[in-house]
Amino acid sequence: AQSVTQLGSHVSVSEGALVLLRCNYSSSVPPYLFWYVQYPNQGLQLLLKYTSAATLVKGINGFEAEFKKSETSFHLTKPSAHMSDAAEYFCAVTGNFGNEKLTFGTGTRLTIIP
Amino acid sequence: DARVTQTPRHKVTEMGQEVTMRCQPILGHNTVFWYRQTMMQGLELLAYFRNRAPLDDSGMPKDRFSAEMPDATLATLKIQPSEPRDSAVYFCASGADRTSNEQFFGPGTRLTVL
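Keeping their order, the protein sequence lines are chains A and B.
Under our numbering, the first sequence has 104 at position 104, and the numbering climbs by one with no breaks.
Under our numbering, the second sequence has 102 at position 102, and the numbering climbs by one with no breaks.
Do not rely on the hints blindly, as some may be mistaken.
One side only, chain B facing chain A, incomplete, derived with CB under 8 Å [unchecked claim]:
id	residue
1	G42
2	M69
3	D71
4	F91
5	F105
6	G108
Using C-beta positions, here's what the derived DEER-type ranges look like [said to hold, decoys possible]:
id	chain 1	residue 1	chain 2	residue 2	range
7	B	P61	A	A1	20 to 26 Å
8	A	K68	B	H10	38 to 44 Å
9	A	G16	B	G16	51 to 57 Å
10	A	L18	B	T73	40 to 46 Å
11	B	P84	A	T72	35 to 41 Å
12	A	T72	B	E68	15 to 21 Å
13	A	A54	B	D63	42 to 48 Å
14	A	R109	B	P61	44 to 50 Å
15	A	T72	B	G16	41 to 47 Å
16	B	A53	A	T72	30 to 36 Å
17	B	T73	A	T77	36 to 42 Å
18	A	S52	B	V12	42 to 48 Å
Think of the hints as simulated: they come from the structure by calculation, not from any bench.
Virtual Cβ for every residue (Gly too), placed ideally from N, Cα, C.
Given only the sequences and the hints, what does the whole structure look like? Please build it.
So this is what it looks like as structure tokens:
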């Protein structure tokens, strides 16, 4: 069984400040991990994914995440927040067989303060 | 620009009516997923197909929900009869194969059952 826990349902940061969204996973098999972003009234868009290659993964829009097996974490970061980053972010896990069902976290709503 | 399409985008219906949602996966993708998003439950998998065969529909209420893939370019999710608790956004996603791991989401169908 696999699951992810996102700490903090709401996160607010000032424009230009560091963004840190936390995700911890639980998996009985080597996981594949994903971060998706959802803008209001839209579907989910993939930000980045970890598939057992490099532990530091770079994604779109300046986001990156680091897979830390010892901490079972896959936190999402961005050095400098932009107003356009305001959205809901979901961490998700799947088994490493590919295209198995995604198990999502509860989401973190990111607000950017001007 | 290949993308998953869903119709209708919005649907308002009365309790007891039949609702059919349609999804066109990205051409060449052989795996199709149906997710439901609500404020209370978040994102949850309802069912998924590989090569048009259902692999897992354990998340779907069997008495009223049904999912099919009449052909490789069309997936349908039907609710009969609909109930107010079915009000949610329903997402379809598609994936290419077991090595890609990435799921591409459609824009969703927002269903309101009165």
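The hints, checked one at a time:
1. Interface hint status for G42/B: upheld, as the beta-carbon distance to the closest one in chain A is roughly 5 Å, under 8 Å.
2. Hint status for M69/B: violated, given a least beta-carbon distance of 15 Å to chain A, over 8 Å.
3. A distance limit of 8 Å between C-beta atoms decides the matter here; for D71/B the minimum to chain A is near 19 Å, and the interface restraint is violated.
4. Proximity of F91/B to chain A holds as hinted, the smallest CB-CB distance being about 6 Å (cut-off 8 Å).
5. Taking 8 Å as the C-beta cut-off, the interface hint given for F105/B holds, the closest approach to chain A being about 4 Å.
6. With its C-beta approaching chain A no nearer than about 5 Å, G108/B sits inside the 8 Å limit, and its interface hint holds.
7. A hinted range of 20 to 26 Å holds for the C-beta pair P61/B and A1/A, which are about 21 Å apart.
8. Restraint check, K68/A to H10/B: a C-beta distance of roughly 41 Å satisfies the suggested window 38 to 44 Å.
9. G16/A and G16/B have their C-beta atoms about 53 Å apart, which keeps the hinted 51 to 57 Å range intact.
10. Look at L18/A against T73/B: about 44 Å separates their beta carbons, and that is inside 40 to 46 Å.
11. Against the hinted window of 35 to 41 Å, the Cβ-Cβ separation of P84/B and T72/A comes to about 39 Å, which satisfies the hint.
12. Separation of T72/A from E68/B is about 38 Å and departs from the stated range, judged on CB atoms against 15 to 21 Å.
13. Range check, A54/A to D63/B: Cβ separation about 46 Å, and the 42 to 48 Å hint holds.
14. Distance hint check for R109/A and P61/B: the Cβ-Cβ separation is about 28 Å, which falls outside the suggested range of 44 to 50 Å.
15. Under the hint 41 to 47 Å, the C-beta atoms of T72/A and G16/B, about 46 Å apart, fit the expected range.
16. In this structure the supplied range 30 to 36 Å holds for A53/B paired with T72/A, their Cβ-Cβ distance being about 34 Å.
17. Checking the proposed 36 to 42 Å range against T73/B and T77/A shows it holds: the Cβ atoms sit about 39 Å from each other.
18. At roughly 45 Å, the beta carbons of S52/A and V12/B sit within the given window of 42 to 48 Å.
Checked against the numbered hints above, the structure violates hints 2, 3, 12 and 14; every other hint is satisfied.
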